[in-house]
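Colleague: Residues per chain, in single letters:
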Amino acid sequence: LAKTTQPISMDSYEGQEVNITCSHNNIATNDYITWYQQFPSQGPRFIIQGYKTKVTNEVASLFIPADRKSSTLSLPRVSLSDTAVYYCLVGDYSSASKIIFGSGTRLSIRP
Amino acid sequence: KAGVTQTPRYLIKTRGQQVTLSCSPISGHRSVSWYQQTPGQGLQFLFEYFSETQRNKGNFPGRFSGRQFSNSRSEMNVSTLELGDSALYLCASSLGPDRGGGYTFGSGTRLTVV
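One line per chain: the protein sequences are A and B, in this order. Just so we're aligned, residue 372 is where the first sequence starts under the numbering used here, counting upward by one. Just so we're aligned, residue 762 is where the second sequence starts under the numbering used here, counting upward by one.
No wet-lab data here; the hints were simulated from the structure. Careful: at least some of the hints might be erroneous.
What the hints assert, rightly or not - DSSO-like, lysine-lysine: derived pairs with alpha carbons at most 27 Å apart:
1. A:Lys425 with A:Lys440
2. A:Lys440 with A:Lys374
3. A:Lys374 with A:Lys469
4. B:Lys774 with B:Lys818
5. A:Lys374 with B:Lys774
6. A:Lys469 with B:Lys818
Generate the whole structure from the sequences, applying the supplied hints.
Modeller: Given below as structure tokens:
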């Protein structure tokens, strides 16, 4: 099972771009990279998913280098409401048991 | 469309009691998985159901059990509650194994054991 490593915490300010990098050195060929956001006492919320190169949706971008051993979640122009824990997951989704949540990155946005 | 619904939202039980939590997946989703989240251990996989069959089980004692009904709704049961069972229990649904699309989580049930 591919293990992920993320920074424990990050701080930023409103209006800034925030980049959170995740390391997953033993990612398998069939694995996808998925990021989730979680607010206190709520379930994780899907943000973005990718396999390689770059993926962009209305809330974030995901950059994946050619070797796929890391990925970077980019949040443009963050606001106070982006304060949350962000999880990077790697798995092939053939089973929920293969989707391992690490410790996540606690992002704090200041005014 | 409606999201994943978990009931109840909050629950307080006494040690030794048993509890049943319910999860209604997104319409059309046939796979339901359960997780326990605690400050110390983070999110841990409990079990996964697909088409009424348990596909996988995490490393939890036999006091933790679950089932899935023909309409894909799922319940999990914890018997002989211990203080350490206090946690946020999350349910996630997906289309099914290898169907892609990721997992959609409910808001969870906050269980407090006193």
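Colleague: Now tell me, hint by hint, if it's right for this structure.
Modeller: Do the hints match the structure? See the list:
1. A:Lys425 with A:Lys440: The given pair, whose Cα atoms are some 14 Å apart, holds under the 27 Å limit.
2. A:Lys440 with A:Lys374: Judged against 27 Å, a Cα distance of about 11 Å means the pair holds.
3. A:Lys374 with A:Lys469: Distance of about 10 Å is within 27 Å: holds.
4. B:Lys774 with B:Lys818: Roughly 24 Å separates the two Cα atoms, so the pair holds.
5. A:Lys374 with B:Lys774: Violated, because 35 Å separates the two Cα atoms, which is more than 27 Å.
6. A:Lys469 with B:Lys818: holds, 11 Å
The structure is inconsistent with hint 5 alone, although it conforms to all the rest.
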